[in-house]
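**Q** Residue numbers (the working numbering), protein chains in the order written: chain A, 11 to 846; chain B, 116 to 244.
Some hints here could point you the wrong way.
Each pair of labels, with its calculated beta carbon distance range [stated by the list, open to error]:
(1) A:Ala625 - B:Lys197: 34 to 44 Å
(2) B:Pro147 - A:Arg620: 49 to 59 Å
(3) A:Ile777 - B:Pro147: 35 to 45 Å
Here are some chain A residues the structure puts well away from chain B; computed CB gaps all over 12 Å [what the hints assert, rightly or not]:
(4) Asp450
(5) Cys487
(6) Leu524
(7) Arg556
(8) Gly703
(9) Pro716
(10) Asp794
(11) Val813
These aren't lab readings, by the way, just hints derived from the structure by calculation.
Remember, predicted model here, so these are calculated numbers, not experimental data.
We put the beta carbon where it would ideally sit given N, CA and C, even for glycine.
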Amino acid sequence: MRVIVIGHGMVGHRFAEALTDRDHSETVQVTVLSEEPRPAYDRVALSSFFDGADEEALRLPELDAERVDLRLGVAAESIDRDRKVVVTTDGGEVTYDELVLATGSYPFVPPVEGHDAPGCFVYRTLDDLDAIREAAACAQAGVVIGGGLLGLEAANALRLLGLAPHVVELAPHLMAMQIDEGGGALLADLVTGLGVTVHCGAATTRVTTDPGTGRVTGVELADGTRIDAGIVVFAAGIRPRDQLARDCGLEAGPRGGVVVDEACRSASDPRIHAIGEVACLGGRVFGLVAPGYAMAETVADRLLGGHATVPDADLSTKLKLLGIDVASFGDAKATAEGALEVVVNDPVRKAYGKLVVSDDAKTLLGGILVGDASQYALLRAMVGAELSEDPSVLITGANTRSGERVLGVGALPGAAQICSCNAVTKGRLLAAITGGEASDVPGLKACTRAGTGCGSCVPALRQLLESAGVEQSRAICEHFAVSRAELFEIIAGAGIRTFTEVIESHGRGRGCDLCKPAVASILASLHTGDHVLDGERAALQDTNDRHLANMQRNGTYSVVPRVPGGEITPAKLRVLAEVAEEFGLYTKITGGQRIDLFGARLEQLPRIWRRLVDAGFESGHAYGKAIRTVKSCVGSTWCRYGVADSVGLAIELELRYRGLRSPHKLKGGVSGCARECAEARSKDFGVIATEAGWNLYVGGNGGFRPRHAELLVSDVPRSELITIIDRFLMFYIRTADRLQRTASWVEGLEGGLSHLREVIVDDSLGICASLDEAMSRHVSGYADEWRAVLDDPERLAKFSSFVNAPEAPDPMITFTSERGQRIPAPSRPLLPLEPR
Amino acid sequence: MTILVSEKTDRLLAVVPTAALRPEQGAAVLLPGGTSAAVFLLHDGSLHAVGNIDPFYGAPVICHGIVGDRAGAPTVASPLGKQVFCLRTGRCLDDPSASLPVFEVTAADDGVIHLSMTGNNREIPVGQS
Ligand SMILES: Cc1cc2nc3c(=O)[nH]c(=O)nc-3n(C[C@H](O)[C@H](O)[C@H](O)COP(=O)(O)OP(=O)(O)OC[C@H]3O[C@@H](n4cnc5c(N)ncnc54)[C@H](O)[C@@H]3O)c2cc1C
Ligand code: SF4
C-alpha cells in the first residue's frame with residue numbers, strides 16, 4: 011500500500027509515526043511531503059524559541075528513514091484523483107493508494123490597509139519567528155493583532171525580544187474563545203502588570219507606514235488611538251489550508267476545511283483522508299493539537315484494517331504565559347441546559363476560578379482557571395464524574411480551613427484522561443506502573459506518551475507514581491536514607507559541624523565516597539570561613555579537594571590560580587611562566603580563561619603556591635565543586651559594540667562568589683552585548699548587557715548535555731542583578747541533589763522557571779532574607795584556602811609524598827615530553843581500563 | 116610508637132612514625148624497590164595496609180582515597196576512577212577482576228606495628244624503575 015502524507019506538521023508526523031509503528035507486516039510505503047525545509051517540530055512549544063529553545067530542542071522524534079520517504083522542502087502542488095497522483099513543486103509525481111491531507115492552517119490576516127508592509131508578520135512557523143527576531147533588533151515597540159492564545163504568546167515573544175508589546179483585541183476581553191469575562195478581566199490585569207498594554211474591544215483600522223521606506227510605523231484603531239510600533243504581528247485566527255482539496259473538487263466546510271466523516275475520510279473521495287487543522291469534522295475545525303492526534307491515530311488504524319472512529323474532541327487548554335496560568339476545560343462557557351456556575355474570584359491571590367456543574371450540582375461539566383491552574387489536570391480529568399467536594403473547595407484545591415489537599419489522582423476513575431494531549435487514561439498509566447513498564451516520570455513518558463504534549467499533566471503523573479507506592483528514592487547512598495537537600499536542612503537546622511555527628515544522628519555505618527564529599531560540601535557551603543582540610547573534614551574531601559589541586563591520571567596534580575574575569579597583567583603572566591619553568595609544569599589555557607599548570611607532585615604544591623601567593627594569586631577552586639570562573643568578553647571598554655563593562659562585572663561576580671562550595675561546579679559568564687562573545691548562556695548563570703541594564707539567564711550547561719540558559723529577568727540594574735544571582739545560587743545550593751548541575755535542577759523544579767522567579771524575585775516562600783543573609787556570610791567569611799595552608803604547619807604536613815620520606819619524589823611517577831612540554835610517561839595499569 | 120612495615124614478619128619493609136597518621140585518612144609508605152603501600156588508621160583504631168597503586172591507572176594514589184564502609188566492610192575508593200576496594204581483602208567490589216595487594220598488620224608489643232604480605236597477594240607491583 012502506498013500512502014502519501016501531505017504536510018509534515020505535528021499531526022502529519024504523528025500519523026506517519028503511528029502508521030509505521032502499527033504496520034507489523036511492513037508492507038506500507040509512506041511518502042511525506044513537507045513544504046517546510048525542516049522536519050516536523052513542536053509547534054505548540056514554538057514560543058519557547060524565544061525562551062532559550064532552539065530548532066534542535068523543538069524537533070520531534072525522527073521518523074524511521076527506512077520506512078518513510080520524507081521529502082523536505084517539497085510541497086504538493088495538485089492532486090489528480092483520477093490517476094491517484096500527487097504533483098509536487100519539484101516537478102515530480104507520486105502515486106498513492108491512500109492520500110492523507112495534513113496541511114494544517116494558515117494565519118488569517120485581516121485585509122486592513124498596510125497589512126502586507128515590511129514589518130508585518132504572522133506567528134506560525136520557525137521561519138516566521140526568525141523573521142520577527144531579526145526585525146525586533148531595530149524596533150522599540152510591537153503590536154499584536156489578536157488577544158487569543160496565540161496573540162498572548164506572540165506578545166510574550168515580543169517582550170522577550172526586548173520590545174514593549176501591545177495587544178489589540180476586537181472582543182471585549184482577552185482569550186474570548188476559552189474564558190469568560192471574569193477570567194478575562196483578571197488576565198488583562200495580570201498581563202498589564204507584566205508590561206503588556208492591552209486594548210480590548212478595539213478594531214484595527216490601518217497599519218501605518220513610513221512614506222519613504224514603506225516600513226511599518228504603527229497601527230491606528232477605530233477610536234482614533236495611534237500606537238507607534240516597528241513590528242505588527244497578526245494573530246487574528248487561522249484558516250484551514252484546504253486549497254489543494256478544493257482544487258481537486260473535494261467538499262469543503264462552511265468555514266473551510268475538508269469535510270470528513272468520523273473516520274476522517276473525505277466526504278467526496280474514500281481514498282483521501284484529512285487530519286489535523288485542515289479537517290472539518292462534524293461541521294467544525296479544531297485549532298488544537300490533541301484532536302489532530304486523535305484523527306491521526308484513527309486514520310492509521312483504519313488504513314491497517316481497523317474500525318476506529320475519532321473520539322469526541324477535548325478542547326481543554328492550559329497555558330502558562332509570562333508565568334500566568336490560564337486554563338479552560340469541558341463546558342467552560344456553561345452552555346449545557348440548566349448548568350450552574352460556581353465562581354471564586356480572589357483579588358488578593360490574583361486567582362479566578364469558575365466551575366460549571368450540572369443543574370443538580372452533582373456533576374462537574376467544565377471550568378475556567380486564571381492565575382492559578384494548579385488543579386487543572388485533576389479537574390479536567392474529573393469532568394463528567396460526580397463531585398467529591400464542594401466546588402469552591404475544588405477550585406483552590408485546598409480545604410481552606412485544614413489546608414489539606416483535597417483532590418488527588420486517587421479520587422479519579424480509571425477511565426479519566428490524565429494526559430489529554432495524547433489521550434492517556436489513568437487506567438493505562440496505572441497498568442504501566444504496576445506492570446513494571448515504568449517506575450518514574452521519564453519512564454511513563456516513554457511508554458505511554460503521557461506528559462509529552464503540553465506537559466501540564468506531569469505533576470499528576472508524579473502523584474500517580476507516589477500513590478501507586480513507587481517511591482522515587484533520593485537517598486544519597488546506603489548510609490543516608492535522605493536526599494542531599496534534606497541533609498542540608500538537617501545539618502543547617504541542627505547546627506551540625508562534623509560528619510561523625512551527622513552520621514551518628516541521621517545515618518548508619520561509616521560513610522563512603524558518596525556521602526562524605528556531600529557532607530563536606532554542605533559544611534563548606536554553610537561555613538565559608540572554616541578550612542576544608544581541618545580536623546575530621548580533611549577525610550571527607552573528594553580527590554581534588556583533599557589536596558586543593560586537580561589530580562591527574564598519573565597521580566600528579568594541576569594548579570589553576572584564579573584569574574578573575576580572565577583579566578591578567580603581563581607581570582602576573584610572567585610569574586606563571588617562571589613557576590611553570592622552575593617546576594617543569596605543562597601549561598595550557600583553559601576554557602574558563604585561565605592558565606592550568608600540570609604535572610606538579612604532591613610535595614611540590616606548597617612551594618608552587620608560595621610563589622603564586624607571594625605574587626598576588628589565590629586559589630582558583632578548579633579542584634572544588636564550587637564557583638570556577640566568570641568568563642567575560644572584552645566589553646564596552648574596548649569593543650565597538652559593547653554597551654556595558656562586562657569585564658568589570660565578571661570580576662565583581664567572580665570575587666563575590668569565589669570559594670562558594672556547591673552541589674556541583676558552577677560557572678558564570680558576562681557578555682557586553684547581545685552578540686554574546688562570552689558564551690554566557692552556556693553557563694550556570696549568564697549575564698548579557700542590554701541598553702537598559704542586564705539580562706540574567708540561568709541553568710545553562712556545556713558538557714555532557716549542553717543546554718542554553720533561560721532568561722530569568724531582563725533589563726535589571728546591577729545591584730538587583732547581583733541580589734538575584736545571590737539568591738539563585740543559594741537556593742540551588744540548598745535544594746539541589748548531589749552532583750546536580752543547575753541545568754537539571756532548574757528542569758526538575760516543579761513549576762519550572764516561573765516558580766524559580768516567584769521564589770527568588772517575588773519571595774513567594776519568604777526565604778529571600780535568609781538566602782541573602784547566607785550569601786553575605788559567605789562573602790564576608792571568604793579567605794584564600796591556599797594562603798591558609800601555607801600559614802599552618804599542620805595543614806602543610808598533608809602535602810608530603812610519603813610518611814616515611816616526606817619530600818621524596820614518588821619513583822612511580824615519571825614523565826616524557828611532547829611538543830616541547832613535559833607529559834606523563836605512558837602508564838602501566840595492571841588492568842585494562844574499561845569505561846565504568 | 117612506630118609502625119613497622121614488613122614482608123612476612125622477618126622482612127622489615129619500612130619504619131613509620133604513627134604520629135603521621137590521621138584517622139580515616141590514608142598515608143603512603145615508601146617501600147624498597149620504589150613502590151608504596153597505603154596505610155589507613157580507621158576510626159575504631161584498626162590499621163589496614165594495601166598496595167598504593169591503582170590497578171586501573173597504574174598510578175600511586177590509593178592512599179588519597181576516601182575511606183568508608185560498604186555493607187559493613189571497611190573500604191577505600193580509588194580517587195581516580197572511584198572503584199571501591201575492600202580494605203580487608205584488597206578485592207575490588209566494583210570489578211571482580213581487580214584487587215590490591217594486602218599487607219598483614221600487627222601491632223607489636225614495643226609500640227611498633229608489623230606489616231607483612233598476606234598469603235594470596237605476594238607480589239608487590241614495582242614501578243617503572
Ligand atoms: C504559537 C502556537 C502555539 C500553539 N499552542 C498550542 C497549544 O498550547 N495547545 C494546542 O493544542 N495547540 C496549540 N497550537 C496549535 C497547534 O500547533 C496545531 O493545532 C497543530 O500544530 C496542528 O497540526 P497540523 O499538523 O494539523 O498543522 P501544522 O502543524 O500547521 O502542519 C501543517 C504542515 O503542512 C505543511 N503544508 C501545508 N501545505 C502543504 C503542501 N501543499 N505540501 C506540503 N506541505 C504542506 C505546512 O507547511 C506545515 O508544515 C499552537 C500553534 C501555534 C502556532
Ligand atoms: S559580546 Fe558584544 S561587547 Fe562583548 S565582545 Fe562581543 S560584541 Fe563586543
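**Q** Against each hint, give a clear statement of whether it holds in the structure.
**A** How the hints compare with the structure:
1. In this structure, alanine 625 of chain A and lysine 197 of chain B meet the distance hint of 34 to 44 Å, their C-beta atoms being roughly 35 Å apart.
2. The hint said 49 to 59 Å for the Cβ distance between proline 147 of chain B and arginine 620 of chain A, and at roughly 32 Å that hint is violated.
3. One distance hint, 35 to 45 Å for the beta-carbon pair isoleucine 777 of chain A and proline 147 of chain B, is violated here, with the actual separation near 60 Å.
4. The beta carbon of aspartate 450 of chain A is kept farther than 12 Å from every beta carbon of chain B, the shortest such distance being approximately 24 Å.
5. With a minimum CB-CB distance of about 9 Å to chain B, cysteine 487 of chain A fails to clear the 12 Å threshold, and the non-interface call is violated.
6. Non-interface call for leucine 524 of chain A relative to chain B: violated, since the shortest CB-CB distance, roughly 9 Å, does not exceed 12 Å.
7. Chain B draws arginine 556 of chain A into its interface by the beta-carbon criterion, the shortest separation being 6 Å against a cut-off of 12 Å.
8. For glycine 703 of chain A, the non-interface assignment is confirmed: its Cβ lies about 44 Å from the closest Cβ of chain B, beyond the 12 Å cut-off.
9. The non-interface label for proline 716 of chain A is consistent with chain B: the shortest C-beta to C-beta separation is roughly 24 Å, beyond 12 Å.
10. No beta-carbon of chain B comes within 12 Å of the beta-carbon of aspartate 794 of chain A; the shortest separation is about 23 Å.
11. Its beta-carbon lying about 4 Å from the closest one in chain B, valine 813 of chain A breaks the requirement of being farther than 12 Å from that chain.
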